[in-house]
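Residues per chain are reported as follows:
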Amino acid sequence: MSTTSGKAQRHSQFVGQDKPRRNAIRHAHGRGRFVDDIAFGNLAHLAFLRSPYAHAEILEIDTEAARALPGVVDVFTGPDLVDICTPWVGKLDHFSGLRTPEQYPLAMERARWNGEPVVAVVAESRAIAEDALDLIMVEWAELPAIIGIDNSRSTNGPILHPQYDSNVAFVMNLTAGDAKAAFRDAAYIVEDTLELGRQTGLTLEPRSIVADFDPSLRKLTAYHSTQTPYQMQDVFVRHFNLSEENVRVISPDVGGSFGMKLHVYGEEMAAVAASIRLGRPVKFIADRMESFLSDIHLREHKVHARMALNSGGEILAMEVDDATGIGPFSVYPRTSAMEGNQALRLMGAPYKMPHYDGTLTVLFQNKAPTCQYRAVGHPIGVTVTEHLVDLAAKAVGLNPFEIRRRNIVTQDMYPHTTATGYILERLSHEECLAKLEALMDYPKLIAEQKEMRERGIYRGIGIAAFIEITNPGPAFYGIGGARISSQDGCVIKLEPSGKIRVSVSVTEQGQGTETIMAQVAATYLGVDLDHVDVVTGDTERTPYGGATWASRGAGIGGATVMKAALAMKENILEIAGVILQGEADDFDLVDGQIVDRSNQQVRMSLAEIGRIAYFRPDTLPQDYHPQLSVSRHFVPQGTPFDFTNGVQASYLEVDVETGIVKLLNHWVVEDCGIILNQQLVDEQIRGGVVHGLGGVLFEECLYSENGQMMSATMADYLAPLASEMPDIQIDHVCTPTEMTPLGAKGVGEAGTAAAGAVVLNAVNDALRPLGGTLRTTPLTPERILKALGKI
Amino acid sequence: MKPGLFQYVRADDVEKAVSLLQEFGDEAQLLAGGQSLVPAMALRMALPDVLIDISSIAEMRSITLTDDVLRIGAGCRYVDVLRSEDVARAAPMLVQAIPFIAHEAIRNRGTIGGSLAHADPASELPACMLALDAAIVLQSASGARTIAAEDFFLGTYSTALDEGEMIIAVEIPAIAVNQHHRFLEISRRSGDYAISGGAFVLEMDAGIITAARLAFFAVGDCAVLAGSEALLGKPLNAETIDQVAQRVGEEITFYGDLYNGIGAKRQITKTLTRRLLAQFPGMEL
Chain A
0 MSTTSGKAQR HSQFVGQDKP RRNAIRHAHG RGRFVDDIAF GNLAHLAFLR SPYAHAEILE
60 IDTEAARALP GVVDVFTGPD LVDICTPWVG KLDHFSGLRT PEQYPLAMER ARWNGEPVVA
120 VVAESRAIAE DALDLIMVEW AELPAIIGID NSRSTNGPIL HPQYDSNVAF VMNLTAGDAK
180 AAFRDAAYIV EDTLELGRQT GLTLEPRSIV ADFDPSLRKL TAYHSTQTPY QMQDVFVRHF
240 NLSEENVRVI SPDVGGSFGM KLHVYGEEMA AVAASIRLGR PVKFIADRME SFLSDIHLRE
300 HKVHARMALN SGGEILAMEV DDATGIGPFS VYPRTSAMEG NQALRLMGAP YKMPHYDGTL
360 TVLFQNKAPT CQYRAVGHPI GVTVTEHLVD LAAKAVGLNP FEIRRRNIVT QDMYPHTTAT
420 GYILERLSHE ECLAKLEALM DYPKLIAEQK EMRERGIYRG IGIAAFIEIT NPGPAFYGIG
480 GARISSQDGC VIKLEPSGKI RVSVSVTEQG QGTETIMAQV AATYLGVDLD HVDVVTGDTE
540 RTPYGGATWA SRGAGIGGAT VMKAALAMKE NILEIAGVIL QGEADDFDLV DGQIVDRSNQ
600 QVRMSLAEIG RIAYFRPDTL PQDYHPQLSV SRHFVPQGTP FDFTNGVQAS YLEVDVETGI
660 VKLLNHWVVE DCGIILNQQL VDEQIRGGVV HGLGGVLFEE CLYSENGQMM SATMADYLAP
720 LASEMPDIQI DHVCTPTEMT PLGAKGVGEA GTAAAGAVVL NAVNDALRPL GGTLRTTPLT
780 PERILKALGK I
Chain B
0 MKPGLFQYVR ADDVEKAVSL LQEFGDEAQL LAGGQSLVPA MALRMALPDV LIDISSIAEM
60 RSITLTDDVL RIGAGCRYVD VLRSEDVARA APMLVQAIPF IAHEAIRNRG TIGGSLAHAD
120 PASELPACML ALDAAIVLQS ASGARTIAAE DFFLGTYSTA LDEGEMIIAV EIPAIAVNQH
180 HRFLEISRRS GDYAISGGAF VLEMDAGIIT AARLAFFAVG DCAVLAGSEA LLGKPLNAET
240 IDQVAQRVGE EITFYGDLYN GIGAKRQITK TLTRRLLAQF PGMEL
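Sequences listed follow chains A and B, in order.
Residue 683 in numbering that gives the first Met the number 0 is what sits at position 684 of the first sequence, and the numbering runs on without skipping anything.
Residue 283 in numbering that gives the first Met the number 0 is what sits at position 284 of the second sequence, and the numbering runs on without skipping anything.
Please note that the accuracy of each hint is not assured.
[Unchecked claim] Derived CB-CB ranges, DEER-like: (1) MET44(B) with VAL88(A): 36 to 46 Å; (2) HIS102(B) with ASN705(A): 27 to 37 Å; (3) GLY154(B) with ARG32(A): 45 to 55 Å.
The set of hints was computed from the structure by calculation and includes no laboratory data.
Glycine included, C-beta positions come from ideal geometry on N, C-alpha and C.
Please work from the sequences and hints to get the whole structure.
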């Protein structure tokens, strides 16, 4: 089927409708079923002794007293697991030169970050396991810690991995055109150095697993709070030497993930190892402090960037030097080079900029590992670019809208390839920018800002354009050799009652995946939404697929369900044709009823089809076999990604005597193609914006000079609270992608991509009359007061 | 994040509580609202062998106003104090301050005595007690004594409580005619520990300040009075306020916190001082 007829064949109205998340009512009744809610017989509990040092040699571990504590079942260290679990290495073939050592579930001879798991205790209760931790004696020899980016980059400082000649994990250069010449000929050059702080994921439900190994069959069932059950099935199979058919990963309710629950962590691997050692179920639930210390962190970047413009304010080129600290290891299996890679490629991406020269340096340090997280690389690319665009606007003498209008990629240019190599099918920057200007009533805000300044009140307006990477295809991980599927699968079954059961490989973490999949199935089948049930998150009950990450669930999962629904419908109409003694083409399925295509007259219900097909096939012609289940798989085609675009704006007030920022308003105009469910899309955008606002104003994984994580509690790590959040006003433009039959792109990361950038720009706009510029996020009161010269 | 093993005993009256304190000595800790102690135990930063639960001692839950003295039982929760008419009448400072203390769930459980005994330098209540010139009533197995708030807070988590002693009440002189209470704190998020906070009491006569107690919290090692003398005998005007803010910046020994160095603390405290003084009646701006 061609893509256009696919979109034209939409029969009922569920796609595009606001539908609340189907599981919301269950959660509101307290009937959620997260890993920790599931009861097991003979369950044992796991706790970890973690490195109190950022960097230390482990000389001796004495576990005798811990083993002797009543209720302790097992105590093991890294070397105890080498026969059970093979090590892993976070490399991908297409990041040539990326180096990172083998990693084990627990530290081996050295601990390399404060919080790294070193010794595991399994006990009859978590409390006993923690009591036992207090009885373990470890003799450490503290080593110099490599903490800051400059510290790691220094050529004469300590080296983290003695087998390497430096702390550099990976270097990438990306060039287009002739940036040098562009800078030589430029009318204006602006430049700055920005530092973006470390954040962490902070999911409501922490990382959780119950590993249940049955030694009689060598069968592992893992109840695991993960986004990617199939990837984890594969990881468990390969590293524990199990058979694929004997490993089942079940992801029950998952309380948030944001990319944090994509990665392989030593603690979960240790839980599986413990279950294999003991032959009984073993539970590990990270407590909040463990989450702070050992969940992946994100976005510690220091970027020096320059931008060259001609006399008309057109961006000619950017030069970017991005250094990022990833902790001691590149995280498996997706690598910690991906964030920097995307940051480097997203620089200048909304603009026509022809020349580019970017360098990425990925550095080891003695802090928690960093890896992919919501809006991988986007906030860095957008913040750096848009900060320079604002500096350029000032240099050229243009207002922030005008300079962006002059530079954004225009409608006549698509398909367009950015200087950094991204192929953009069709975006809508012009329309988004125009819509935003009207939505926020820019002239009125400017007048208000001016009037306020005269009264000593400093308000700022910030704008940022962005593109978002969504619907990644096979070129994303597959090409690098990772066993991470880019395709998805869906099975649709007609129940005897006429109801529809959909099982699909994309997964739900609270964002409404199951609702979206039900809407797509109901729409393309022609049945009532309430008659569709969706099953996700179980490798034994759903087809194999990539699952949910990189804003791919709705776009790719939705297209998969659409294909399966259309095939199921074809089967149903064929059965109807046989029963009603006509041709399949004579009939249609509308609202769960078989109707005459010519006059929409109802002929029979889907329930009647189910009854006859399942229970009275004797009434059907001989040798006719109704096909009552279908399966379809979908592989993204065409360009490597479906990009979306949008523009955001912030209006805020800076208290110049205290450095406290008050957010007054926030606007997002976004284009994610066909909108499957506007309420869920808007929730994704708002949630994403709040993630970005948290990062730019509050959240920071602070480390002391010797590598102690200082902000490892909810009192010290400042998560964004509703009380500080502004209204977030959203509008949409719709440019469907032709790359999938559904036309929907992703939206999960759009909000996060630019929310921080607009706040940074707005704060700097507010401070402009006073002469201060902020270059380091989060924008703490102290940093603002320093920029203002008050302290 | 599970606490270590501990023994739990409940005291139903003060007499029982102090006798248990005497019996277990420094192995014991008192459990009232548990809003600081229980998280510290979960982190195993506090590892008491014995928890003496005093949360059900009825005699420590009353609030009375007699002869111009407001007496608040140490077991009163923030929410009890916030809703008390006697408190509103005699110590409006507390009604202003309590909404700044953490979040509602914590205010429903946290107690006055618990906060004062814990002596967190960022807590609101010690500063309120300093500003209000409160007396803290202590009890041990050997008897009771009363100590001025000014002598009670010694440093970070450090008080004049002797071994075997517990706080049973605070006594606050009721607000006088011509006296005014104002409270403010500056924080990044609502409910956070303040970057800087102030609890100010001024007495004025014909526009001239006759008495002042300016207490600050979240600025140093404990709640502290500063700058008060610079106000005496002066009208409350922009010039006075500038002088006082300057004095406050000089007098306090600032401590940095995780996010704010000494410079930021000083700048923000001076700003707080100006803003809070500007809220008093009679301010001529």
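Fill in: Hints violated by the structure (numbers, ascending)
Result: no hint breaks.
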